[in-house]
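S.K.: The residues making up each chain are set out below.
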Amino acid sequence: MNIKDRHDYDVVIVGTGISGAVLAATLTKAGKKVLMLEAGLNAGMYMDVNGSYTTYQGYLDTFYNAAAKVPNSPYPDLKNAQSPNVLNLSNKTPYSSPGYFVQEGPLPFASENTRIPGGTTMHWLGTTLRMLPNDFKMQTMYGRGVDWPFPYEEMNKYYEMAENEIGVSGNVEELKMPNMGENFFSPGYVFPMEKIPQSYLDHKLMEKTEGLKVNLNNKDYTITCISTPQGRNSTPNKKYRIQGVRWDSDTKELKLYDYSDPKEEYQPVASLWDPYTGERCEGNASCVPICPVQAKYNALKTLKKADISKLNIITQAVAVSVIVEDFDERNINGVVYKQYDNQHSAEYTTHVAKGKIYVLACSAIENAKLLLASKAANSSDQVGRNLMDHMVMLTWGLTPEPIYPYRGPGSTTNIPTFRDGEFRKEHAAWISPLDNWGWSWPTGAPGSDLTNAMNSGLFGKKLREEMNYIITRQFLLHFECEQIPEEGNRVTIDDRYLDRLGNYRPILHYSASDYMKKSFEAAQKVSEQIFAANNIENKTLYKPTDADYVVYKGQQYTFFGAGHLVGTHRMGTAPENSVVNSDQKCWDHDNLYLVGCGNMPTLGTSNPTLTMTALTFKAAEAILRQLENQ
Amino acid sequence: MSTYFKSDKPRSANDPERQKLVPEHLMDIAPRPDACPMDIKTLHGLLQYAIHLELTTIPAYLTTLYSIKEGTNEASSIICRSIAVEEMLHMVMAANILNAVGGKPHITSAETVPAYPAELTKLCTPFPINLEKFSQSSISTFMEIEQPHALPKHHCDKICFESIGDFYNTISEGMKYLEAEASKRNTTIFTGNHKLQVTENEYYGAGGKLIAVYKIEDALIAISEIVGQGEGVDGSIIDPDSIFFHQDVEYAHYYRFKEIYCGRYYCEQDKPHENPNGEPFPVDWDAVHNMQLNPKLSDYKVGSELWNNTYEFNKTYMALLENIEKACTGNPKILRDGIGLMYDLKYKATALMNMPTGNLDNDGKPLMAGPTFERI
Amino acid sequence: MEEKDNLPLFSKISASLTGFSEMELWGTGMMETYYNYVMGKCGESSPTKLDLEYFFEKAKEIYLGDNNDENWIDTQIQTWIFPPTSYGGLAQLIITLWYTGNWGLGFNGSPISAQAYVQGLIWNAGETHPSGAKQPGFGSWNIPPINIKK
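In order, the protein sequences belong to chains P, H and D. Residue 432 in the numbering used here sits at position 183 of the first sequence, with consecutive numbering throughout. Residue 375 in the numbering used here sits at position 345 of the second sequence, with consecutive numbering throughout. Residue 292 in the numbering used here sits at position 6 of the third sequence, with consecutive numbering throughout.
So that you can see chain P by itself, here it is in the shape it has in the complex:
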């Protein structure tokens, strides 16, 4: 082993996605020396004008040329640091090829992260809803899952930090959600930017859906529709006064601070290459997988704000394991990584990165894999377990009038009605985003519509008319069901399954319990009533060839992965039941922190990135405290 880089850093971070970037920016601005390891290509890390532009145009070109425009389609497919891809999904589990994930089943795990600079925020949708207070006490309230080690109230400050960092557009006053309580937001709180305009189809659907009474299992509910807060640029809100987050070394706290000059105000963070590009969402309708103008937040924007005199980044450096000190196993002594020069070659050199504190920030899957490979942090036997995702059941239909989908961000409105309630004792809660992109997700529309039209003999003007008719009327509704933590849904490793560099490939074990199946049935009942109220002709069709489906009471329900990879190293109240404590430090080690969605004990019904980012600020605070107490 060639041990170079003996340079001692305060903190070594594995991964440059949003959690790694938030840590790096926060820690370097507090004067700490940070080393980051990134598995992806060097070119992806450029933040200067020409470099960032060139790399990003390359991503865009790859996207245009891709046959299937799936979430990872724009980004390099690296043999030395593979990413999972939905195109490799099959319902014939178990299988280990094709693809990166070894799918043990019984159901394939259908979500994917991206192992490149900036991480999965390069392809995320950008929805930034907070979790609800009851999400933090699922066991106490509903006898399901576990409670978090702290209540919602403790998260508020960190949520505000995350919303500042990501740059959230939204309207606080519209966010009426079940059982959110009086103090969900700080008094007078606003988001950095005004809400992203809701789509034309949102308005058309809301006409008959807002206030609609639906019945579910003999109980009446009133449907509400609210605009969705999101991490993409809109008009700055003049009332927003928070400038940023900084470390107060006197009180040993991270603090939000306001603009001191009343003339200063929030500026949308534009693209990496040009301050005039991406100042507003331009409606490219391709947030997933790529925002051409970078109006959508990505983690490189945060990394660019780090104090670069304190930051070193090593790219094409794939972490292998952390070194657990022999003596009493309390300390981590380094991160072993393999560095490759050429992405097309399997050649690499091995190095060790050293620092006072180590942080794994490379996704729930990779974090768990690294810990298992290192035999670290696992006295609880919880590492890799409780893998969760939102199981997304989709329903779709044809509206009587054109609603003009395929325009604007993926979703601008959601139905929060079933995010919380007594029913969570019986079945999973869900959130229902209204989708702006037609039937593209479940059917491959509009391309598949063309095939259908030609198959029915249409060409010429009639074909054009039919395409106009069908494309302008496509409505898609999501039911993103909260998966509850279960021990058997997990990531494992095995010497039989290694990648080209000899690193472990993740083995996924995944299933849907009755708690989930019941929620699909319930969601179908709600969908039916919403479609009826809007005169939508149901076109939903689940097929036995679908990758992920369950059969419940004789009915098939197909679901998709939401891209929310959560819960493999849960945070908890004691070393016996969890991997990290509420500081997100491993119970088993004194200088190893884990950040990312893996820490979340339960999932809630919000997309996890905002909550994870909030948690990461909390971890940064804990790390700074530890460093300053040493």
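Hints were generated in silico from the structure; no laboratory data involved. Beta carbons are placed, not taken as given, at the ideal position from N, Cα and C, and that holds for glycine. Misleading hints may appear alongside valid ones.
Straight-line C-alpha distance at most 25 Å; calculated BS3-like pairs for lysine-lysine [as the list claims (entries may be wrong)]: (1) Lys298/D - Lys331/H; (2) Lys214/H - Lys239/H; (3) Lys345/H - Lys453/P; (4) Lys420/D - Lys363/H.
Under 8 Å between C-beta atoms, here's a sample of chain H residues computed to sit facing chain D [unchecked claim]: (5) Glu335; (6) Leu336; (7) Asn339; (8) Arg366; (9) Asp367; (10) Ile369; (11) Gly370; (12) Met372; (13) Tyr373; (14) Asp374; (15) Tyr377; (16) Met385; (17) Pro386; (18) Gly388; (19) Asn392.
The hints should help you fit chains H and D onto chain P, whose structure is shown.
M.R.: Below, chains H and D alone, put in the same frame as chain P:
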């Protein structure tokens, strides 16, 4: 220290040249002792002409920009685009000033919307401005438009202007004079309704910060911004955006067009009268849609496909101008809807440039249709 | 025979097959690219060079004859050109190329170039724009699509 952040642009934000670029006399609100008298009506007329002037350059610049084939001439495209959007900014700022001094901007009137080839008749030596594809000829015309001139000797019996800089300087001096006269009577010429101002909230992503005008100082900053972006200030090649707004340093228009002409960037040490000496970049004068010069709706048979497409382009153009007019006469928020029209205009223009007219140029190559930017 | 001789015919038949006018098709800037691509793609396997030759021969009959009636042309296309069994399925491949930029039907297709994807007419047909290109601007999705007709 990480190397990923290095800026390899020849335009450093730490350029010491920036420091000496705040031309104090531009901000001095006192009129010159020998100021030329002007009445408010004349000022309104000049500001309305400023709108016409900017609206004359925009279609010319856009036509040249859109004629560049997709994926080619990247550097030239970026330059042309940035200048075109700055001219749009100037037009809206001119309207803001006109509103601020109690006038009413006209954007869609016959006098405002030029026909091509166009001439700026208030210039002492007018020259034709064409709708012309990307070529050495079109770029030299643009350099002529933006050509920096020393201000002519001060005198009050002007019947025409030596340059665009001279024209805007006359507006500045006129405003200072009128405001000084007004303040003697304890009043102001800045009587316009504040709600008429288009602010940066409605206007973004384009070439600088939009200045809302409520008082003489704002108006002077707006004008120096317009002139500075065009010709450069005080013999330096750097535009004043960087001083006011802390953006990356940008060169004034004349010099940026000259960069295209020479296929080479300026660098910080270059002097205004010299050719650029920075990094070269490729310019491919052939990777261009072969658009006919100054196309017109009347070139085509009424009802033919070329006529229909051209007509639709002009309808979109007029819808955009109407949108801007509404935005500048009481409904600033409506400008957001104009952005869609802007993009649509671009896509329609590009489509036209792919449509063969059936005519051939002197080299026997097929001539394409193009945007006509006509008032219909 | 010169390679470009059939370009005008390709333009006419493309218009009849897609329902977009010839000028609309030219407006995408893809006419010559697609023509050359189709010429290059027809080869040993289906559609073959021979398929292509017969295809243009039939197109000549339809367009260069005396009958300009649109309905008659449509019937001719429906009978002779459009069926997937005709000329190695060339007609539907051409329609798909214009609509999506893909060569190949359905999930077997992939874009022949980035521009081909961006210029796909399926988006125009659906009154929208290709995902990730031809952006319509901030807030445009809040109102129905711009529809400026004379």
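S.K.: Is the interface hint satisfied for Arg366/H? The criterion is a beta-carbon contact with chain D at less than 8 Å.
M.R.: holds, 5 Å
S.K.: When the nearest CB of chain D is found for Ile369/H, is that gap smaller than 8 Å?
M.R.: holds, 3 Å
S.K.: With a cut-off of 8 Å on the beta carbons, see whether Leu336/H makes it to chain D.
M.R.: holds, 7 Å
S.K.: Does the interface hint hold: is Asn392/H within less than 8 Å of chain D, judged Cβ to Cβ?
M.R.: violated, 21 Å
S.K.: Report holds or violated for the interface hint on Tyr373/H, using the least CB-CB distance to chain D and a cut-off of 8 Å.
M.R.: holds, 5 Å
S.K.: Does the nearest C-beta of chain D fall within a distance shorter than 8 Å of the C-beta of Asp374/H?
M.R.: OK, holds: Asp374/H within 8 Å of chain D, min 5 Å.
S.K.: Is it true that the CA of Lys298/D sits at most 25 Å from the CA of Lys331/H?
M.R.: holds, 20 Å
S.K.: If you draw a straight line from the CA of Lys345/H to the CA of Lys453/P, is it 25 Å or shorter?
M.R.: Given that 25 Å is the threshold and the Cα spacing comes to 28 Å, the pair is violated.
S.K.: If you take the shortest Cβ to Cβ gap from Glu335/H to chain D, is it below 8 Å?
M.R.: Given a least distance of 4 Å, the restraint on Glu335/H holds.
S.K.: Is the shortest C-beta separation between Met385/H and chain D less than 8 Å?
M.R.: holds, 5 Å
S.K.: Does Tyr377/H pass the interface hint, meaning its C-beta sits closer than 8 Å to a C-beta of chain D?
M.R.: holds, 6 Å
S.K.: Does Pro386/H pass the interface check with chain D, least Cβ-Cβ distance below 8 Å?
M.R.: holds, 6 Å
Violation of the numbered hints given earlier is confined to hints 2, 3, 18 and 19; the remaining hints are satisfied by the structure.
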